[in-house]
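This is what each chain is made of:
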Amino acid sequence: MTEKLKHSSLPVIAAGYLGPALVPNADGAWEEAKLPANPDDLVQKMMGQPMRRAGRFIKLVCCGALACMSRVPEETLRGRSIGIFLATGLGNIDEILPFITQVFKHDGGFPSPNQFANSVSNAAAFFLAKACGIKGVVLTVSQEELSFESALWLAQGYLASGEIDLALVGGCDVFTPSVEDYRERLNLVPGRCRRAPLGEGSAWFLLGGDGEAKIGDILSVEISSGLADAESLPSDDLLKQCEKLFEEFRNNMESPDNGANSALLSFPRKRESRPSDGLVDSRLRGNDREEGFFEDDKISKVFLPGFRLANLDEASWKKSGWDMDDYLIRCGISSTASACGLARALLSRQSSFLVHGNLSSSGRPALMSAVTK
Amino acid sequence: MRNGNIHIRGWGAVTALGWGADQGARRLIAGDVHPAGVCGSAHLVNREFKGFEVACDGNPLEKAMKMLDASIAEAFERGGLSAPEIAESALLVGTTGGIFIRNEHEFTESVRRNPGKESPPIVCRNRGPGEVADVIARRYGIRGLPMTFSMACVSSSHALVVAADLIAQKRIRRAVVVGFEPLLNLTLQGFASLLLYDPDECRPFCNRRMGMQIGEAASCVILEESDSAAAGKSGFAFAGGHLYNDNKSLTSAGTDGEMVRGVVSRALLKAGTEPGEIVAVKAHGTGTRDNDLSEGRGLAKVFEKHLPPVVSLKATIGHTLGAAGTVETALWLSCLEAGVIPKSFGFAETDPEIGFAPSQENLPAAAGAYLFTYFGFGGTCTAYVIRKMAS
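Line order of the protein sequences matches chains A and B.
Reading the first sequence from the start, the letters are residues 1 to 373 in this note's numbering.
Reading the second sequence from the start, the letters are residues 374 to 764 in this note's numbering.
Keep in mind the hints are simulated off the structure, nothing from the lab.
Note that the Cβ used here is the ideal one computed from N, Cα and C, for glycine as well.
One or more of the hints may lead you astray.
To be verified - Listed next, the in silico BS3-like pairs over lysine-lysine satisfying Cα-Cα at most 27 Å (straight line):
no., chain 1, residue 1, chain 2, residue 2
1, B, Lys674, A, Lys45
2, A, Lys135, A, Lys244
3, B, Lys761, B, Lys678
4, B, Lys490, A, Lys135
5, A, Lys130, A, Lys105
6, B, Lys543, B, Lys674
7, B, Lys716, B, Lys761
8, A, Lys135, A, Lys240
9, B, Lys621, B, Lys543
10, A, Lys240, A, Lys130
11, B, Lys716, B, Lys674
12, A, Lys130, A, Lys45
13, B, Lys543, B, Lys490
14, A, Lys244, A, Lys298
15, B, Lys674, B, Lys423
16, A, Lys130, B, Lys678
17, A, Lys45, A, Lys105
18, B, Lys716, A, Lys105
19, B, Lys606, B, Lys621
20, A, Lys318, A, Lys298
21, B, Lys490, A, Lys244
22, A, Lys105, B, Lys761
23, B, Lys543, A, Lys135
24, A, Lys135, B, Lys674
What the hints assert, rightly or not - For the chain B half of the interface with chain A, some residues (derived, Cβ under 7 Å), not all of them:
no., residue
25, Trp392
26, Ser483
27, Asn487
28, Gly489
29, Pro493
30, Val508
31, Pro519
32, Met520
33, Thr521
34, Met524
35, Gln542
36, Lys543
37, Leu559
38, Leu567
39, Ser599
40, Asp600
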């Protein structure tokens, strides 16, 4: 059984993430040695005031989400009911650890009540809801390295049901010393994960609406029930699955009424002839039924490998026309790094078909596909 | 979103009342309940707190995992789930502490084994709340989507409503919903730091109430779409529910009762149920001043002069935090199956600000709609309706 989000794409109205040194939407090499980063200046800048009693997790959740929401015109939000779906693998660990250390150090005598209140995992979602003026569906979802994929899958259902108009979906995890402990919490085994620095981050997406002003679409989220192994999941099998997703995307472009969400129609389609639209015009050069149609028209295929995909035969992927976006060197490894990778790709790549792939530690493959405008 | 076609296939619960929902229900009905005792588990650093512990030999980590196993096995057995049915189920877990008990147990063992030495720093090896679902999925071969909600005291009640929503959306056919909350230093000390404990007993809705008491529990409730072959065998349907998050206060649901009124009203609407149809209310009833005031006033606003019997279970099993949703549902269903709405324990005097007394006698459990309410940190609130079918 595979849990799918299919034929019901999610328009991405905006995306935002915290890049290296916690600079919103900035690209650059990630430096593990600078962990944990201090978010206080960023909080002051983005929230307009300090969050003195909040820990780093709460601050990163709020700042990452605001990096996304600040890009959304006010009229897009007016009168809309918005749900929050916060994904986190490790939760509010930077509040829990000092609290429990105090408990054991003093035999339970002097822990801070404020620290305890903030250590509850959904405290971060509360502060975010408060900052954005959101009430209603606010969920904190945690499923290790597939937390973000699960939250995205869940949000799609609430959007489709009409329970909410828009979904603010994001992933956040924070580094807590030591490096060895953090590696253990992430269940990172040498040789069974990609070579990348340890990381932390907060990346968010505002999804939904009728697609009038979007930067792309989330096309599918597939979390497989079939168990694989990080060492044994054949790179070729993964490539075939990605090619299949691309094929489905192409078919939906060709036959938009065949179950595809109408939001996709705002993307140029193969059979459409609109001479005034230069982009579409260029796509119709030559034989538009040939295999290389999308490549000819500069829609590139990009694969974003999650941190458990250790052994990919990158040469064969490139031979099949896939670019490899090794985003982990830009945000480091964290449970919800996939959100950072996807947000960065949606913001930085145009006319691209994106697939993010990862495995859970128990071997569930998960694929997310998206397309950028 | 209406959830009218979902039935409850099975349930199980391990609480201070016993290793099974039926055993717990029998003790509730018989009045064989005891106030919270001084917690004695080996991993607790402070023995001054009273709580509701599950009786068990063995170390606290082993006990916690046995509790988890027993509650799930009870639910599977009651529902008669086959191995393929288990495998294809989705798994939704509600927990706040996850398997943090492992860290606490390892730390205290390390100290015990090295007397006279300086205590080592506590090491956090757990992989976050989602680790519980991973353990369950591996143990039982569950291949459906796992998803964990870590949302304070509404963790598993939210998980139940989300499960019902996913079934109504036709995205899953069956959900195994688990609540898991072992007794932790983290939570005992945390609520103590907030001065939220009643040092004597838990007294929900009572004018003499002084706070809550913690309990440990594991529990499981299985929801399934109603066109399955097993539909209706348990005699209970999940009629509908509503989850809501306010953003006014991190720690209070608002003592004017407005938020509670709104959430309960919305849940009734989604369940297609009029207030007058509610046979009884399984209230959250923590025994804290603010919570009981919020809930009491909210319920009074919804039901006005026709308030049905209101029962809190927390004087008998404690506040089981993230597990409260599935635990209290499982115990309640076993009581209803035995034909009884249990009385509410720990009450002595009506609070004039609330204006009603919780139910003080066991009542016959008629067929009809029963309301369940839960509130938690972060402005969270869940309400849902379960219907007992006429036999």
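Taking each numbered hint in turn, which are not upheld by the structure, reported in ascending numerical order?
1, 2, 4, 5, 6, 8, 9, 10, 13, 15, 16, 17, 18, 19, 21, 22, 25, 26, 27, 28, 29, 30, 36, 39, 40
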